Amino acid sequence: MKGLKMFTSTLKIVVLSFFIVAVVLDSTAVAQKTSLKPYGIKSGIIEYKYSGVRTGTSTLYFDDYGLKSAMKNNIKMEGKSDNGWIISLKDEQYIFDPAKSNEGIKMKNPLLEGFFEMQQSDFDKFVQEFYTKMGYKKVGTEKYAGKDCIAYKGDLGKILIWNGILLYTESNFAGISSKQEITSLKVNVPVDSKYFQIPKNIKFTEAPDFDDIDKMIEQESDDETE
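In terms of the numbering used here, the sequence shown opens at residue 19 and continues consecutively.
Be aware that one or more of the hints could be misleading.
As the list claims (entries may be wrong) - Straight line, CA to CA, 30 angstroms or less: simulated DSS-like cross-link-like pairs of lysine-lysine: (1) K171 <-> K155; (2) K218 <-> K55; (3) K126 <-> K155; (4) K60 <-> K156; (5) K204 <-> K67; (6) K161 <-> K94; (7) K86 <-> K218; (8) K55 <-> K171; (9) K171 <-> K204; (10) K143 <-> K156; (11) K124 <-> K67; (12) K67 <-> K108; (13) K124 <-> K143; (14) K155 <-> K218; (15) K126 <-> K204; (16) K90 <-> K212.
Claimed, not checked - Now the in silico label distances, taken between C-beta atoms and shown as ranges: (17) K67 <-> E110: 23 to 29 angstroms; (18) N206 <-> K67: 19 to 25 angstroms; (19) K218 <-> Y162: 38 to 44 angstroms; (20) S211 <-> V71: 33 to 39 angstroms; (21) T73 <-> Q215: 25 to 31 angstroms; (22) K161 <-> N120: 43 to 49 angstroms; (23) A117 <-> S211: 19 to 25 angstroms.
Treat the hints as calculated values from the structure; they're not laboratory data. Computed from a prediction, not measured in an experiment: that's the story for all the values here. Glycine included, each C-beta is placed from N, C-alpha and C at the ideal position.
Put together the whole structure using the sequences plus the hints.
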C-alpha cells in the first residue's frame, strides 16, 4: 500500500508542478461557439528554476494553445537526478528519460481528460472543482514578472497563473518545501515540432488513473483493518 501511495503522490506532484491549467475560453464570434483551450497564448518557450527540496532547471515548449507541450527537466531531488521529459498531446501524457528506454509511462492527463467534450456551462464548475481537489482557492490577482496573474492559495502553498500558464509556485507537501519560478518567458514564437515527437525507442507502460489508484489504496486499507 505504501508503494501505491508513493506512486499516486508522485504522479500528482508531477501534474501539479508542470500541468496546472487555468482553462481559458477562446470565443470565436464568427463561428458563434466557444473553443476551450488550455492556454491563452498560441505558442511559447518558458524556462524555470527550482529551489528547496528540488533544485535545477526546466524548459517548457508549447504550441496550439497548449494542446501540444513538452517539458525538459534537469532537476535534482534528494541526491537523485531527473533528466527526463513530459510530453502532452491533448489528453495524453508521456513521461520518460531518454537514458532509460524501458521506463516510459503513458497516462491520461487528468486535467484535460474529457475537457474537449465539455459544454461552456460546465467550465466554471470544472475549474473550481479541480483547484478545490488540489487544496487551492482562488484569492484574486497578483503581479509577477510584469504579468497580472490569477493567484491560488491553499495549505500546499501558492500558484500564480497567467493566460493558463504556470509562472510561479511555492509548495509544502508533507513538510517538504519547493519553489518554481520563471527565468525566461518567450511567447508567440515558433516552436520546433521535434519537441512533441514521441521517441520510438522508449517502451511505455500504461499507468492507471488516479481514481483507480485511490480505490486500490482504500481497498487495501480496509483489508488491513479486518
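Hints versus structure:
Under the criterion of a C-alpha separation no larger than 30 angstroms, the hint pairing K171 with K155 is consistent with the structure, at around 5 angstroms. With a C-alpha separation of about 28 angstroms, the suggested pairing of K218 with K55 holds against the 30 angstroms cut-off. A hinted pair counts as satisfied when its Cα atoms are at most 30 angstroms apart, and K126 with K155 qualifies at roughly 25 angstroms. With a CA separation close to 25 angstroms, the supplied pair K60 and K156 stays within the 30 angstroms bound.
Only pairs whose Cα atoms come within 30 angstroms are accepted, and K204 paired with K67 is accepted, the gap being roughly 15 angstroms. Taken as a hint, the K161 and K94 pair is honoured in the structure, with Cα atoms around 29 angstroms apart against an allowance of 30 angstroms. Pair hint K86 plus K218 holds up; C-alpha atoms about 18 angstroms apart against a cutoff of 30 angstroms. Distance restraint check for K55 and K171: the Cα-Cα separation of roughly 23 angstroms lies within the 30 angstroms cut-off, and the hinted pair is therefore satisfied.
Under the criterion of a C-alpha separation no larger than 30 angstroms, the hint pairing K171 with K204 is consistent with the structure, at around 26 angstroms. Distance hint between K143 and K156 is fulfilled; the C-alpha atoms sit about 13 angstroms from each other, no more than 30 angstroms. The straight-line distance between the Cα atoms of K124 and K67 is roughly 26 angstroms, inside the 30 angstroms bound, and the hint therefore holds. In summary, the hint linking K67 to K108 is supported, as the alpha carbons are separated by about 25 angstroms, within the 30 angstroms threshold.
Of the pairs offered as hints, the one joining K124 and K143 holds, with about 27 angstroms between alpha carbons and a cut-off of 30 angstroms not exceeded. Of the pairs offered as hints, the one joining K155 and K218 is violated, with about 41 angstroms between alpha carbons and a cut-off of 30 angstroms exceeded. Proposed proximity of K126 and K204 is supported: the alpha carbons are some 28 angstroms apart, at most 30 angstroms. For the hint pairing K90 with K212, the CA-to-CA distance comes to about 13 angstroms; that is within 30 angstroms, so the pair holds.
The beta-carbon spacing between K67 and E110, approximately 28 angstroms, falls within the hinted interval of 23 to 29 angstroms. As the Cβ distance of N206 to K67 is approximately 23 angstroms, the hint placing it in 19 to 25 angstroms holds. At about 39 angstroms, the beta-carbon gap between K218 and Y162 stays in the expected band of 38 to 44 angstroms. Range check, S211 to V71: Cβ separation about 34 angstroms, and the 33 to 39 angstroms hint holds.
Take T73 and Q215: their Cβ atoms lie about 29 angstroms apart, and the range 25 to 31 angstroms holds. K161 and N120 have their C-beta atoms about 46 angstroms apart, which keeps the hinted 43 to 49 angstroms range intact. The hinted window of 19 to 25 angstroms between A117 and S211 holds, with their beta carbons roughly 23 angstroms apart.
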